[in-house]
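Engineer: Residues per chain are reported as follows:
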Amino acid sequence: MKNNASLYLDKGRIYHSLRIFSILIFVSLFAVKVSAQKTVVYSQQTLISLTVKNKTIKEVFRQIENKSQFIFIYNDKVIDAKKKVSITVKDETVDQILQKVLTGTAATYKISDRQIIILSAKDEKKESGSVDNSASTSVSGVVVDPNNEPLAGVTISLKGSNGVYISDFKGQFSLKVPLNSTLAFSFIGYKSQNVKVTKEVLKIEMVEDTKLIDEIVVVGYGIAKKSDLTGAISSLKESDFNKGVLASPTDMIQGRVAGVAVTNNGGEPGGGVSVRIRGANSIRSGQDPLYVIDGIPLDITSVQPAGGSITGVGDSGNKNPLNFLNPDDIESIDILKDASATAIYGSRGANGVVLVTTKKGKEGKTTISYSAYAGYSALPSKYSVLNASEYNAARSAKGLAADDKGYNTDWQDQIFRTAFTQSHAVSFGAGNKNSNYRASLSYMKENGIIKKTGMEKFTGRINASLKGLKDHLLLEFGLTAARTNDQRAPIGQSGGVEGDLLLSALKANPTYPVYNTDGTFYQVSDQVRNPLAMISLTNDNTQTDRILANVTGTLYLFKGLKYKMNVAFDQTKAVRKVDQNYQLSYLSDGGTVDINNVEAGSSLIENYLTYDFNPAPNHKINLLAGHSYQRFKIYTYGLSETGFDTNDIEYINSLALSEKSDQASVSSDITINELQSFFGRVNYSLQDKYLLTANFRADGSTKFGSNNKYGYFPSTAFAWRMSEEEFIKKINVFSNLKMRLGWGITGNQEIPSKISQASLGTTSGAVLNGGSTVTPGITVLRTPNPDLKWETTSQYNGGFDFGFFEGRLSGSVDIYSKSTSNVLLQVTSTMPSPAAQVWENVPGMKILNKGVELALNGVLISKKDLTWSIGGNFSTYSNRVTNMNLSSIPTDYPSGPGITGTASQVIMNNEPVGTFYGYRFLGFDANGKSIFKTDASGKAVKEVIGHALPKFTYNLTTNLIWKQFDLSLNFNGVYGNDVYNNLANIMNQMTLFSSGWNTTASAVKSTESLTNVLDYSSRFIESGSYLRLSNATLGYNVKLAQNSWLTRLRVYASGNNLFTITKYSGYDPEVSAERYSNGVPSIGVGWTSYPKARVITFGVNAEF
Amino acid sequence: MKQLHIFLILLLLGTVSCTRLNEEILDEQDGNSVVTNPDNVGMLVAPTYAFLRDLQSRGAGWLVQESVTDEVAFPTRGANWNSADYRTLFTHDYTATNSYIKNTWNSYLIGFTKCNIALQNMDKMVQTDEIKEYVAEVRFIRALSMYLLNDCFGQMPFRESSETDYFQNPTILTRPQAVTRIISELNDIIPVLKSKGEVPYGRITKAAAQTLLAKVYLNYQVYTGTAPKFTDGTGKWDEVISICDDIINSGKYVLADDFWKLYLADNASYSDQTETILPIIYNTVTGIGGIPWVNMTLDYNQTFGKYTSLWNGCCTTPTFFATWDQTDPRFSDGRLKSQIGFNLGLLVGQQYSPAGVALTTKDGGRPLIFTTDFSIANSLEEQGVRVVKYAPDPTTVNPGGSDNDFQYYRLADIYLMRAEAKFRKGDAAGALTDINTLRAKRNVPTLAAVTLDKILNERGYEFYWDNCRRNDLVRFGKYCDDRYQKTPETDYHRILLPIPQVALESNTQLTQNPGY
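Quick mapping for you: the protein sequence lines, in order, are chains A and B.
The first sequence begins at 0 in numbering that gives the first Met the number 0 and counts up by one.
The second sequence begins at 0 in numbering that gives the first Met the number 0 and counts up by one.
Hints are computed from structural coordinates only; laboratory data are not their basis.
Using N, Cα and C, we set each Cβ at its ideal position, and we do this for glycine too.
Do not rely on the hints blindly, as some may be mistaken.
Stated by the list, open to error - Coverage of chain A stretches by chain B, computed from C-beta distances (three or more under 8 Å per stretch; other residues unrestricted):
| no. | segment |
| --- | --- |
| 1 | 386-392 |
| 2 | 406-413 |
| 3 | 696-702 |
| 4 | 771-779 |
| 5 | 880-889 |
| 6 | 892-905 |
| 7 | 1084-1095 |
Stated by the list, open to error - Only part of the chain B face toward chain A is listed, based on derived beta-carbon distances under 10 Å:
| no. | residue |
| --- | --- |
| 8 | L51 |
| 9 | L108 |
| 10 | A267 |
| 11 | S352 |
All chains should be modelled from the sequences, with the hints used to inform the complete structure.
Structural biologist: Have a look at this one:
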């Protein structure tokens, strides 16, 4: 951690030196710890040694700052800038030194806590000063921060004059100024204010300026000033988060960060999400970034227990494992993108790292806040299928026997609903110099737009900290407890001819009734299902309890050296109970019950030392060294029983009710993994202009083979703060300009457990005694690979951070190149072997990603009553797989009747991941049969027919603040990607129409034959480009009386997913069906995913 | 104060001790203790017997060996059963990327490895009679996997049971090397193996090993000759006859009086009492159910009992259908009709529900009349003659798998092999006697004269859908012939299946069979 940074602000010709920590109080988490440090270690008794020869007084101040935590606040006019002094002191107090330095000058000083204010001798007599002795009025007052704490060192300048003063350490000032003159108040990190002197006593409340502030960014095992960063790191503060209904941190950042692609798997409340930072490094699963919550690296292996199995309905999608966090508790999210930043996380850093920091109590401030919203969500648009009369007309037009039951049922209306959502969050916190706490409680209930689906969650979080051992020890404690209740319907990520809930609704004959005359559901067969019956007769409830707790102890050993220990515990228990009523037409053996449990947990212990020191003036060094050990355990177990045949009772309440005499089937599985790491980092700063970082981590994992237990991950980066150079300053264009260069190696160990070992285990047995007793089998279960090791990604990054027009336009641009080798993949074993597949680091194979990211923020108007800003980001990358010694790796076998046998996507050399490969569709022949592109011999040939990765993604955000009103709009878009519309392949065609399926109007108009074969082809590859207004929020900050018991009250209306411009014919172009083939996931396949809702909410935020 | 600091550091660091990162496996029984205990030898052997069930896989061995012939076709039916991998097997356009051929290769080689693992562990035990017997049984199963690999692919990668480094390249056995090895293995174990009655039903007997050896000799001409007729190869007819004599003369097997009783769901005891030499045991109650034969082939609307999910898939061809005398009891049997609505054997013409109601198709509601014609590229729902060889249990609650023990080797095969060997050797009279012995038992008219075609047809009547048609057609020189929906004559190189592409990529020492 930097503790001696001097900040430079060329504003009003005042030099401030300012500890970063005073800003930290407002923006970050370690505030209390820091304040502990400053009161004790940097008291006036702190002894300083100093040798200065013939330097300016300012240089002496700077050196004192470097060697202590004092900050100097002074006006240039007060000290003689040209005067050179020489001084040599050893172990003297700051008082003693200053007396020596200032002897013979017109300056004196006052020390307040850590602040040293240099005053002219005559000012000191008057406590403050006057600008102009001829002024006609005197004005005094106090400058405070938003917490009502006095702000010392605020620059006060009189407009139209050269007079510049500063507030004293109590934040007070007293001036004589002309009547009706205007005073400008400015202070680094705050918005400048112009105040007309209309009365004699003023209270000026400074407002934080998050744009100008030198932000604190959370990095691995520490924090850093943004200006000191050498790597590609994107930071989001509360004001940057998405708005509206947010269930998890990934919802909060979608679209907000260049190079971070967040793709929701449809719109199920709390539904799964795929997060890709700078493209795909791997081609198997395990491409998600590492999430670190307040220093605890999470295991985000899905803890979703399996549900009930239904023929024709594939596995249900995973829920987002981060749902247990309350978005209202999150202070900031920092995303480490390049290897120089992520290498400190070694074998888990290759996919980027998302650091989530929660809110803490603040010193000197007691707050109570309440925020709530309520709203409605609805399906934006239905998938267009024929209604009853169209259906009958089409059947007769196509010469098919009528199948008209005389009803007109809109099956989508039967399953969709307008759903109510509400959320409430209460938090309170307080703090003093020795301790603080913040506690929060939230409740959210998000009903899904499909009946009997939704998510309800309760979260509680407590953060507390306490200083001990005479402020040498800081203890911090964090605890999150969350219960999530998910209610789900039978929707699958794949499926067969029978269809899941959504497919059943789309394909159902619209002339069929919903109910029989006796009130029971009208169900035709196991393959022709009643979607409402599927919902009504199925209960699918998952309860997930998660506790995440950590205790951190920080020991301040001596100046600059800290020892920190972090102990964390993460435990999840999830139970999913599914019962299916025996009346469901597709159950072969009566009603069923499936109860599945997952118990997952990890424990972590980390010890590390950080040391900050300045070996010489202008040289700053920060060292980190540590050890980390984390142990993961996942235990799943479950039972399922069939044969229930009653209506009276929920089967899970009486499992013995089953008619079956044999036992329920049971299962269990357990894995334990361990990670042990040693890590270190050196930060070196020369003149605060040239910054160098080097990381190193050694990671050992139980998952790796016995011959390769440890992986080694170095990185280094260099940054040049060019705007600090005189020649840049002379150009006078840039308010900030920094160049960053970085390189590093990171790893990926997200592979299944146990695969490096052979291990004899139980397998399917056989009858050996001639009767009906099965002797279980023992054999080698896997083809072992003792050489298995982590996947390695090396990455180069170059970037610029820039600001123009005094920071009104700022941004960053990054260009990167990544290369993944030792690609971990399940490949064919060299037969004969115990198993057909073996995990291997595929020799020679590389996955290359190259990309450019641009982020821009502009403040177009900045007036007292009107602020208008626009921000946006743009990212593009290219992905390519090379040197693979396999001809191709197929993935995504399409779902639905007739198309299941052929992979839609392949991974092949010199193509990106997500390449669609198949026949090129040319139209229908005279018989209505598909014509495909053929080779010379007339045989249909396959070729590349699309790419699932977009050419670029973009985001545009605008914020308008006018008086009490604020309006924000957030647009997201992707361009140039293809989507395979698997749903259209079986809905938008005529073949299945002849077997009683419903279809679309466009298919009826086509000349397609009723017996056309449904081959997978380019016919159903569609453009996936879209532009979405993902959120619009209009808020109003209620004006409150000066002494109101409320400190803040804001009401707002917010809309999510308000419109989407796309050519995609399915429900929503943001598709991410979770399909794997041999562990290789597909990209960009649209199936019957839960459609994304349009949501309108109304909310209130109040602080007391 | 300094001491306090140091003390605290030591205390805190002391709470972490470095771990060795050995991976614990908790949910798999540590087989090491099991496999050293001779009492548990059955558990080592069981996986090799489980492999026998995999020979019937409808995604691997059974599918490939049957659907490259005239016995089975998986036609695409509009939106259903659309896979080029099915179609190209039938039309002999299969390539090295055919997934079912890959599955077949893997199935046989994993089975081979399971045998090696069992042998390697049994080798460490005290060689009691029981262990020796089990070793011989496992060596039989390994020899069977080698026979199948060699027969289908013409070569095989091979490891001795002591070779456990699966990253080492295996030895590649050429066809002559493989055949030599199989014969010597079988000759080694035949004296050790016990006879029927001395080991429980379902276990490998001396006669099973003799049957396999007879098959190796029966095909010896193919293995040494030139496609497609192989007449330049070496015939080992005397060896075949001698082994078959031995089995028949042992008196332990008798031809069944009731052919269909061999194929009913509960066929174990009848098989044991009559002619079955090697049954593969299935038992749905204990979770080892066989292929869902009935679901695969029957029309969606032919539901009965718990059989509510039928898939309307494979059928047989007019080529095979035309070989039949439809009065042959093996062609059709009506004993379960009142419960299931259809006959056993070949299903053709209008189909009825168990209640006798004429059924219609799911698509379009046409009468459900199974026709002999179909189109492999795109058939209507009702096209193609269906086959129910392994009869369902109408009362089962587990319709997803069959209970019938698979008839892998039967005495009928021994008679027909001996007949064939005699005929090829020039003893037409001896052949006629053998074939008529069988036909008499089957209640079909005896033949006046025998030809190779008649022997092949007789094998078809007996063993259709029993997983030996490919081998038979090759040996009779008919594999490449023009047949229904496969014209013209197949290029001879396709008699050997292609080595799967992924196998070539994972072992560069393998060479693709010529022509692919």
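Engineer: Hint by hint, say whether it matches the structure.
Structural biologist: Quick rundown of the hints versus the structure:
Restraint check on the segment 386-392 of chain A versus chain B: 0 residues with Cβ-Cβ distances below 8 Å, three needed, restraint violated. Counting residues of the segment 406-413 of chain A whose beta carbon lies closer than 8 Å to any beta carbon of chain B gives 0, which falls below the threshold of three, so the coverage claim is violated. Restraint check on the segment 696-702 of chain A versus chain B: 4 residues with Cβ-Cβ distances below 8 Å, three needed, restraint holds. Check on the segment 771-779 of chain A: 9 of its residues sit with their Cβ under 8 Å from a Cβ of chain B, so the three-residue criterion for coverage holds.
Here's how the segment 880-889 of chain A fares: 3 of its residues keep a CB closer than 8 Å to some CB of chain B, so the rule of at least three is met and the hint holds. Counting residues of the segment 892-905 of chain A whose C-beta lies closer than 8 Å to any C-beta of chain B gives 7; at least three are required, and the coverage claim holds. As drawn, the segment 1084-1095 of chain A meets chain B at 0 residues by the rule of a beta-carbon pair under 8 Å; below three, the given contact is violated. Taking 10 Å as the C-beta contact cut-off toward chain A, the hint placing B:L51 at the interface holds, the least distance being around 7 Å.
Interface restraint check: B:L108 against chain A, minimum CB-CB distance 4 Å, threshold 10 Å, status holds. Interface hint status for B:A267: upheld, as the beta-carbon distance to the closest one in chain A is roughly 8 Å, under 10 Å. About 14 Å separates the beta-carbon of B:S352 from the nearest beta-carbon of chain A, more than 10 Å, and the hint is not met.
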